[in-house]
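Participant: For the sequence shown, position 149 matches number 149 in my numbering, and the numbering has no gaps at all.
Hints may contain errors.
Pair by pair, the computed Cβ-Cβ distance ranges are [said to hold, decoys possible]:
no., residue 1, residue 2, range
1, 313, 406, 30 to 36 Å
2, 361, 384, 29 to 35 Å
3, 204, 168, 36 to 42 Å
The hints are simulated quantities; they were obtained by calculation from the structure and are not laboratory data. Glycine included, every Cβ here is placed at the ideal spot set by N, Cα and C.
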Amino acid sequence: MGLAIDVDFAGGRRGGPLGQPAYLGAAAALVTPIAAGVSADREAAPGWRLAGGAGAALGLVTLLLSQSRAAWLGALAGGIVWMVWGRRRPLGRPASATVAASALLGPVLVVVAVPALRRRITSSLEAGGVVDGRLDEWRIGLRAISGAPVLGYGPEGYRTVFGAAVDDAYVIEWGRDVVTDRAHSGPLDVALAFGVPGAAIYLALLAVMGLAAVTVIRTAEPVSTGLAVGVVAYAVQQLFLFPLSELDPLFWLAAGLVCSAVPPPGSAGSRAALGRSLLGGLAAGLAAVAALAGTLDLVANSRIAAAVAAPAGSERASGAVAAAIRLRPDSTRYRFIGSRLARQGGNLGLASARVEEGLRRSSQDPALRGELARLELDLARATTAEPARTEALDRAVATLEALVDDDPHHPLHLQRLGIALALSGEIERATEVMERAVVLAPGRPEPLQNLEEIRRLDEDDESENLTRD
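With these hints in hand, go ahead and build the complete structure from the sequences.
Facilitator: Set out below in structure tokens:
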């Protein structure tokens, strides 16, 4: 369909059509055992068994090349569950040490033998590695939950409160180059979205699924056993990642198939049948809406890609952005990208208008608020005539002060506020704010350079060097 696919990532990781390597690893952890189950099903047609074997082999290679440690842990957990509770061949209890070594220990030995893969494991335990990072992410996430323990912050709500929950230690260690919107743990992210009760329901569902998976692994045929191992692997990796809208529908579908493979204790009854019918109708309706939204998003994404490829500031770029927004008016993403493209083309007014449109739909979105503050500072710099310049600087200062009040630990917001204050002649306040930015971004040269420029300013002198943000 002409959509770009990113394959290569830092460190030689593979991303594929799902984009991020962690997503690709999660998919491989889910589907590889299912493919192995199809391959091991002696009642299946030879063509299906051949396809299953090829899928399992390629899935294992994909799992390794993604270098996703969460997916590796999930796959290892699924393999251990199979070895402990499996009873029937060929995906039941392993018949020999050779089978056990090839099915479970073989991939582990590959990871140990290949330097790049081995490095992914050893680096996790180093100071400042992924273990330290995950612990810090969870610490901030738990702090944020305390602010809304019952109802949570809604889907995508964590990004709007992260700035208030984060502390100096986290920012100094990990920076704020990206907008943090996940706590990197399935239960924790569900709690942030839907509160502690929502997380309790989520964990209860996982517990039911886990019990069903163990039952199926003990008694069922290869395909159902492969499904059970796959859902266990996916559920475990999600403990160290987060729910994925791209893959979770497949996961819960597989989990439902696993639960349906467990013999019911008795007749379901007419009421239960009616409930299933209603639930099926609701699921079908939601699936239709999701399919339509997804198709529109694919087309809108292609329009944005065309806008990025067009000359900056051209009518073709502007028209392509407008088409993407018409297709998905509910998405702030296309307005954000459109704003960036308009800024590249020198049209700061249109760039601001795009951001303001997005803020009318999502008033607390941190990316949009930060972009608006950046644009207002740009407009103030570009304005030379009085009193328009003073008014523009006042707007920029007010916007940045509100942003810093809600997110006092973001060095880039502090840096821009310091620049705006310095251009407004408030040298003392500008110095204090910029000193704070220097503390929070010890590895970045820009805050320190701007601080030196501010200290050289006289009240009636402006520096052309106050542009490093």
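Participant: If a hint holds in the structure, say so; if it does not, say that too.
Facilitator: Hints, one by one, checked against the model:
Taking 30 to 36 Å as the suggested C-beta distance range, the pair residue 313 and residue 406 conforms, at roughly 32 Å. About 34 Å separates the C-beta atoms of residue 361 and residue 384, a value consistent with the hinted range of 29 to 35 Å. Residue 204 and residue 168 have their C-beta atoms about 37 Å apart, which keeps the hinted 36 to 42 Å range intact.
When the structure is compared with the earlier hints, no violation turns up for any of them.
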